[in-house]
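Take the given structure of chain A and dock chain B to it, following the hints.
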Amino acid sequence: MTAKTEAMSMKERQDRRFINRETQTAARYLRRLRELPGAPEGIEPFYRTLGRIYADMEHVESEGRKVIGTYCVMTPPELVYAAGAMPVKLCSGDYTAFSVGDDIVPRDACPLVKAVAGFKQTGLMPVYEDCSMMVVPITCDCKKKIAGMLSDKCDIMTLHVPTSRDDEDIEEFIRQLYVLMEKLESVIGSRITYESLSEAFRRVGYAQYELSEFIRLKKKTPYLIRGSHAMAIMNSASYMPADVWGRALHKVNESLKKSIAENKTVTAKRLPRILLTGSPIVFPNIKIPLLVEESGGIVAGDETCMGERGMWDPAVITDNSFDGMMYALANRALRPCPCPTFADNTQRIYRLKQLVKENQIQGVIYHVLRGCLVYDFEYKRIEDELGRIGVPVIRLESDYNEEDIEQLRIRIEAFIELIKLKQPAEKASFQRRSFLK
Amino acid sequence: MDKKINNARKPDTFDSEYMEGLDKLFKENADLAEFKWFLDEAYDRAYSAEHKKRDVVILGTMIPEELVIAAGVQPRWIIGGSLGSTAWSDDIVPRDTDPISRSVLGYINRPESDFSDTLFIIPLIRDSMRKIAGELRSKGMKICLVDIPPDRRDVYGAEKFKKQLKEMCAAAAAHTGSKVTRRGIVSAMKRVSAARAALRRFMEVSRGKAHIITDAARMLVGNSYYMTASLDEWTFRTEALSDEIEYRAGRLKNRKRSRPEVIIAGSPVLFPNYKVPFLVQDSGLSVWGTVDPLTMKSSVIYDKNMMRGSMDRLIGNIASLWRRYDASSAYIKNDVIYDCIAYLAGKGSVEGVVYHVLKGQIEYDFELERIESMLSKFGIPVFRLETDYQYQDVEQLRIRMEAFSEMLVQNRYRRERNVS
Chain A
1 MTAKTEAMSM KERQDRRFIN RETQTAARYL RRLRELPGAP EGIEPFYRTL
51 GRIYADMEHV ESEGRKVIGT YCVMTPPELV YAAGAMPVKL CSGDYTAFSV
101 GDDIVPRDAC PLVKAVAGFK QTGLMPVYED CSMMVVPITC DCKKKIAGML
151 SDKCDIMTLH VPTSRDDEDI EEFIRQLYVL MEKLESVIGS RITYESLSEA
201 FRRVGYAQYE LSEFIRLKKK TPYLIRGSHA MAIMNSASYM PADVWGRALH
251 KVNESLKKSI AENKTVTAKR LPRILLTGSP IVFPNIKIPL LVEESGGIVA
301 GDETCMGERG MWDPAVITDN SFDGMMYALA NRALRPCPCP TFADNTQRIY
351 RLKQLVKENQ IQGVIYHVLR GCLVYDFEYK RIEDELGRIG VPVIRLESDY
401 NEEDIEQLRI RIEAFIELIK LKQPAEKASF QRRSFLK
Chain B
1 MDKKINNARK PDTFDSEYME GLDKLFKENA DLAEFKWFLD EAYDRAYSAE
51 HKKRDVVILG TMIPEELVIA AGVQPRWIIG GSLGSTAWSD DIVPRDTDPI
101 SRSVLGYINR PESDFSDTLF IIPLIRDSMR KIAGELRSKG MKICLVDIPP
151 DRRDVYGAEK FKKQLKEMCA AAAAHTGSKV TRRGIVSAMK RVSAARAALR
201 RFMEVSRGKA HIITDAARML VGNSYYMTAS LDEWTFRTEA LSDEIEYRAG
251 RLKNRKRSRP EVIIAGSPVL FPNYKVPFLV QDSGLSVWGT VDPLTMKSSV
301 IYDKNMMRGS MDRLIGNIAS LWRRYDASSA YIKNDVIYDC IAYLAGKGSV
351 EGVVYHVLKG QIEYDFELER IESMLSKFGI PVFRLETDYQ YQDVEQLRIR
401 MEAFSEMLVQ NRYRRERNVS
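Line by line, the protein sequences give chains A and B. Take the first sequence: its position 429, counting from 1, is numbered 429 in the working numbering, and each next residue is one higher. Take the second sequence: its position 316, counting from 1, is numbered 316 in the working numbering, and each next residue is one higher.
Since the hints were derived computationally from the structure, they do not count as laboratory data. Every residue, glycine too, gets a C-beta built ideally from N, C-alpha and C. Hints are supplied without guarantee of correctness; some may be wrong.
[Unchecked claim] Straight-line Cα separation of at most 27 Å, DSS-like style, residue types lysine-lysine; simulated pairs:
(1) B:Lys347 <-> A:Lys183
(2) B:Lys359 <-> B:Lys304
(3) A:Lys11 <-> A:Lys219
(4) A:Lys357 <-> A:Lys257
(5) B:Lys166 <-> A:Lys153
(6) A:Lys220 <-> A:Lys357
(7) B:Lys24 <-> B:Lys209
(8) A:Lys264 <-> A:Lys220
(9) A:Lys353 <-> A:Lys422
(10) A:Lys183 <-> A:Lys219
(11) B:Lys160 <-> A:Lys380
(12) B:Lys377 <-> A:Lys11
(13) A:Lys153 <-> A:Lys66
(14) B:Lys139 <-> B:Lys166
(15) A:Lys269 <-> A:Lys257
(16) B:Lys160 <-> B:Lys179
(17) B:Lys359 <-> A:Lys380
(18) A:Lys380 <-> A:Lys422
(19) A:Lys220 <-> A:Lys66
(20) A:Lys183 <-> B:Lys160
(21) B:Lys304 <-> A:Lys353
(22) A:Lys380 <-> B:Lys304
(23) A:Lys220 <-> A:Lys258
(24) B:Lys53 <-> B:Lys160
(25) A:Lys183 <-> B:Lys163
(26) B:Lys304 <-> B:Lys160
(27) B:Lys304 <-> B:Lys166
[Claimed, not checked] Covered by chain A, according to a simulated footprint, are these stretches of chain B (three or more residues, beta-carbon under 8 Å):
(28) 92-105
(29) 123-131
(30) 137-151
(31) 360-366
Isolated chain A (complex conformation) (with noise of 0.2 Å):
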């Protein structure tokens, strides 16, 4: 054999254990979300999205239309598709991809964006090999980093997030999205049209209009939902159409309706009401809301990017001109955003007050990716702040791989049983006898 087919052979054996690692890894975690009980009827096609990209490694459902890669909550969907691409979130938690990309990056730099470079540098996952072009939004040190990284290897357009959300701010973002507009029409080759993009946002609306009716459902106790299955719903979300998404998320709600009308719920227990905030939990690495539903606790409320803040607040069109529905789309992307990269971040302290009322929240996780330095500086001020008004807080800092599992379990467990001795003890099953008499 020569040297040249046998460092062939070794790079298809290298590959043949990537895809090997990274096939099984997902197919155990979606295995752990459909053994955990409770799951509503209608989740089975976000299951399947999940499985097609992560765990048979397949091409998305574009339905035809071109690929366009996103990082970032920030880049609007409705763009896109008004220029007749479809988006994808390519922020990733792959494990096997965080392991390869541990040797390219550097050692500090976040799990998210480690993955995100391994997948790159393998080549082998269909879902970035099928991009066009992607958009980073600049909303971290390790996001400013990763895209120079991919300006090597493809077509890539930055966004430059500001500090603030002023109207001059907001103006300068405006600017950027005509410019993304230009980009995109010249990658995929066709106009953004006044039409295309009225279409884009009531296409994107209808997903939003879904996902609010199903948050609402998803605030009932006794629970109708578990978090980590509410989890996997927004995790596909990044893989499927807004509208096919919107209409397969219309079935969970009518089937959550139905659960209230017959008076099925989850578990007739009360668990633990708990709030996961911080840096972003991207299937496979849902290993948090598993341990915290496998602990006995059950996840409420989530306030992270690739959750429900990701698609929650709808872009207000208060002047039909196209225009207007730019700035609708800058307004959206920045004024209501909670995210970190912002240097005065008050608002996410109101917004997760906000959710603790709504959702009764008994205990916030605050979850740190290691070297996701944005969400770590936030810690201090947000502990102390739902310190006061008496919800405890535990940070945990996890990685992209599964030797922290038993000390996470162990934390989550102590936090769990910390707020059972806090709640009243539950009502006996059975009536009980007194002895004295």
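Same frame as chain A, now just chain B:
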């Protein structure tokens, strides 16, 4: 050093680190009369309790100070560099924050600090600066943010940056109560150009003259730009120091170059934390120069053409030239550092590169891979030196640095043998 630490408080890590650094530099360069002024400036900067009214403080170094000077005030710089001051911010920042940001925030939180009448100008070159800005704002401090567009390919980038600089200039003028005029900007451009030219000349004349001035002392002269209260005096003293070095070098000619020459690139090395240059010189290496944001800033020198036109044009010229030489970590790719190292490597000026990465400054670490692969084409080895402001790792670093030094000596021997 005949100065005494301010007796208002008990000496702590901050004091001991500062004084040890100054004492060492003084002992190593005792014969150099003009150098003593720079030591005094460094001392005064650390222990001056004076807080001027309507003070303007710049966090970090990556701001064109000419626009602040045009607003009628010599800015004070808080650039980090001290282990002692990191202790004052330990409870505020996350564990993984880089030492420069820790040190900057610590210095602001120093017990005797009073920044009540201060405008902070903060360049948003990295995440921690953004969060420091939020922290200061939440404490009610007056801040002005300069948001640097991260992509040099951005068609509106230069314009956006110009707008930021205009706003900064206006904020500084409003704070000091002076009016910024065209003439004021031209005067400031001339003064900073003269200072940067003086620094460049000093770096040229002092290169490879370790028997006259040590490498760490050369770096202190560069750092003292951010410590001085009088820019013009600093320029004058730097020129005088260069003259003295030239004069002494003339008398001590024909000194054979013996030490392998390296450049220190990456994260900036800031006084008083000079363990890297001290280690380099202790290991038998000679610092040809540094390639970091501080050094690259000295390339921003305005010619006559750039100082012509309206005020708007002047600010535009400052913005465009600044953006060309800005080697900070604000960009998706740090092409300025890369190109400078490539140029030096191509010229054959250096035999090795010490790539300094301060823990937490991943932006510099990200650049290492492509720099390494570029240098490998020239056969120049790179030594990645990751550290923070603690001193516990000095001995480990010394062993690694000595091994690197030996390798460079071997390389030189092999090269000379091949030539002969």
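Against the structure, the hints come out as follows:
{"no.": "1", "hint": "B:Lys347 <-> A:Lys183", "result": "violated, 40 Å"}
{"no.": "2", "hint": "B:Lys359 <-> B:Lys304", "result": "violated, 41 Å"}
{"no.": "3", "hint": "A:Lys11 <-> A:Lys219", "result": "violated, 50 Å"}
{"no.": "4", "hint": "A:Lys357 <-> A:Lys257", "result": "holds, 23 Å"}
{"no.": "5", "hint": "B:Lys166 <-> A:Lys153", "result": "violated, 36 Å"}
{"no.": "6", "hint": "A:Lys220 <-> A:Lys357", "result": "holds, 13 Å"}
{"no.": "7", "hint": "B:Lys24 <-> B:Lys209", "result": "holds, 18 Å"}
{"no.": "8", "hint": "A:Lys264 <-> A:Lys220", "result": "holds, 12 Å"}
{"no.": "9", "hint": "A:Lys353 <-> A:Lys422", "result": "holds, 19 Å"}
{"no.": "10", "hint": "A:Lys183 <-> A:Lys219", "result": "violated, 41 Å"}
{"no.": "11", "hint": "B:Lys160 <-> A:Lys380", "result": "violated, 33 Å"}
{"no.": "12", "hint": "B:Lys377 <-> A:Lys11", "result": "holds, 25 Å"}
{"no.": "13", "hint": "A:Lys153 <-> A:Lys66", "result": "holds, 18 Å"}
{"no.": "14", "hint": "B:Lys139 <-> B:Lys166", "result": "holds, 26 Å"}
{"no.": "15", "hint": "A:Lys269 <-> A:Lys257", "result": "holds, 20 Å"}
{"no.": "16", "hint": "B:Lys160 <-> B:Lys179", "result": "holds, 23 Å"}
{"no.": "17", "hint": "B:Lys359 <-> A:Lys380", "result": "holds, 22 Å"}
{"no.": "18", "hint": "A:Lys380 <-> A:Lys422", "result": "holds, 23 Å"}
{"no.": "19", "hint": "A:Lys220 <-> A:Lys66", "result": "violated, 39 Å"}
{"no.": "20", "hint": "A:Lys183 <-> B:Lys160", "result": "holds, 19 Å"}
{"no.": "21", "hint": "B:Lys304 <-> A:Lys353", "result": "violated, 58 Å"}
{"no.": "22", "hint": "A:Lys380 <-> B:Lys304", "result": "violated, 51 Å"}
{"no.": "23", "hint": "A:Lys220 <-> A:Lys258", "result": "holds, 13 Å"}
{"no.": "24", "hint": "B:Lys53 <-> B:Lys160", "result": "violated, 31 Å"}
{"no.": "25", "hint": "A:Lys183 <-> B:Lys163", "result": "holds, 24 Å"}
{"no.": "26", "hint": "B:Lys304 <-> B:Lys160", "result": "holds, 25 Å"}
{"no.": "27", "hint": "B:Lys304 <-> B:Lys166", "result": "holds, 21 Å"}
{"no.": "28", "hint": "92-105", "result": "holds (count 6)"}
{"no.": "29", "hint": "123-131", "result": "holds (count 6)"}
{"no.": "30", "hint": "137-151", "result": "holds (count 7)"}
{"no.": "31", "hint": "360-366", "result": "holds (count 5)"}
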